[in-house]
Amino acid sequence: KNEVEQSPQNLTAQEGEFITINCSYSVGISALHWLQQHPGGGIVSLFMLSSGKKKHGRLIATINIQEKHSSLHITASHPRDSAVYICALQGAQKLVFGQGTRLTINP
Amino acid sequence: NAGVTQTPKFRVLKTGQSMTLLCAQDMNHEYMYWYRQDPGMGLRLIHYSVGEGTTAKGEVPDGYNVSRLKKQNFLLGLESAAPSQTSVYFCASREQGAFTEAFFGQGTRLTVV
Chain A
160 KNEVEQSPQN LTAQEGEFIT INCSYSVGIS ALHWLQQHPG GGIVSLFMLS SGKKKHGRLI
220 ATINIQEKHS SLHITASHPR DSAVYICALQ GAQKLVFGQG TRLTINP
Chain B
23 NAGVTQTPKF RVLKTGQSMT LLCAQDMNHE YMYWYRQDPG MGLRLIHYSV GEGTTAKGEV
83 PDGYNVSRLK KQNFLLGLES AAPSQTSVYF CASREQGAFT EAFFGQGTRL TVV
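Going down the list, the sequences are from chains A and B.
This note's numbering applies: residue 160 is where the first sequence begins, and numbers increase by one.
This note's numbering applies: residue 23 is where the second sequence begins, and numbers increase by one.
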């Protein structure tokens with residue numbers, strides 16, 4: 160069993176929809192990262208969480224340490240949000256990545 | 023402040039050739055990582071380093087070697103390239119500590135024919 164599982168693997172939605180991407184994990188962590196990767200592009204850090212909730216613009220990330228679960232939400236989605244969103248677990252030394260969720264927002 | 027820089031950005035190798043990928047960071051980070059990204063799979067850890075002169079194996083280390091002779095540089099070597107090593111390689115770095123942001127290079131697209 161993978162240490163980190165993301166769902167869904169692929170998500171297609173219409174512009175304006177509320178988007179939720181989930182990340183479940185099975186190991187102890189010191190922090191959890193949400194990252195964004197555009198097609199052919201590099202990887203950009205969106206959030207780093209150890210507890211609670213963070214908001215940046217239309218993006219919201221939450222984490223429940225007891226349930227070992229995190230969610231990334233996008234409000235009022237836009238075609239420019241189309242990308243792969245990756246959850247990564249930070250342990251004492253290593254970063255372990257989920258498989259990513261490919262999000263496509265249609266106009 | 024360049025952040026994390028990978029060179030080269032693209033490379034085509036013939037089977038059996040060798041090459042070295044360079045990752046350089048100017049943020050004085052202790053921890054550096056090499057990952058490979060393949061279609062349908064998440065980033066998989068090849069090797070990592072927690073400080074100058076130290077290296078450790080990750081999830082998929084076979085066929086690769088690394089060196090961290092200087093704190094700012096982390097080199098990934100392929101001694102005898104194989105088609106299975108065709109991938110996109112990412113380097114990352116972060117400061118030591120439980121709650122430190124990770125920074126990523128732009129990736130190196132390697133094709134082994």
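No lab work stands behind these hints, which were simulated from the structure alone.
Don't take every hint at face value.
Stated by the list, open to error - Distance condition first, Cα-Cα at most 27 Å in a straight line; then the derived DSS-like pairs of lysine-lysine:
no.	chain 1	residue 1	chain 2	residue 2
1	B	Lys36	A	Lys253
2	A	Lys214	A	Lys227
3	B	Lys93	A	Lys253
4	B	Lys31	B	Lys79
5	B	Lys92	A	Lys213
6	B	Lys79	B	Lys93
7	A	Lys213	A	Lys227
8	A	Lys212	A	Lys227
9	A	Lys212	A	Lys253
10	A	Lys253	A	Lys214
11	B	Lys79	B	Lys92
12	B	Lys92	A	Lys253
Hints, verified against the model:
1. Lys36(B) to Lys253(A): violated (32 Å)
2. Lys214(A) to Lys227(A): holds (20 Å)
3. Lys93(B) to Lys253(A): The hint holds at about 17 Å.
4. Lys31(B) to Lys79(B): holds (24 Å)
5. Lys92(B) to Lys213(A): Violated: Lys92(B) and Lys213(A) sit about 36 Å apart, past 27 Å.
6. Lys79(B) to Lys93(B): holds (18 Å)
7. Lys213(A) to Lys227(A): The given pair, whose Cα atoms are some 17 Å apart, holds under the 27 Å limit.
8. Lys212(A) to Lys227(A): holds (14 Å)
9. Lys212(A) to Lys253(A): Given pair Lys212(A), Lys253(A) holds - Cα atoms ~23 Å apart, limit 27 Å.
10. Lys253(A) to Lys214(A): holds (25 Å)
11. Lys79(B) to Lys92(B): Holds: Lys79(B) and Lys92(B) sit about 18 Å apart, inside 27 Å.
12. Lys92(B) to Lys253(A): holds (20 Å)
Of the hints listed earlier, those the structure fails to meet are numbers 1 and 5, in rising order.
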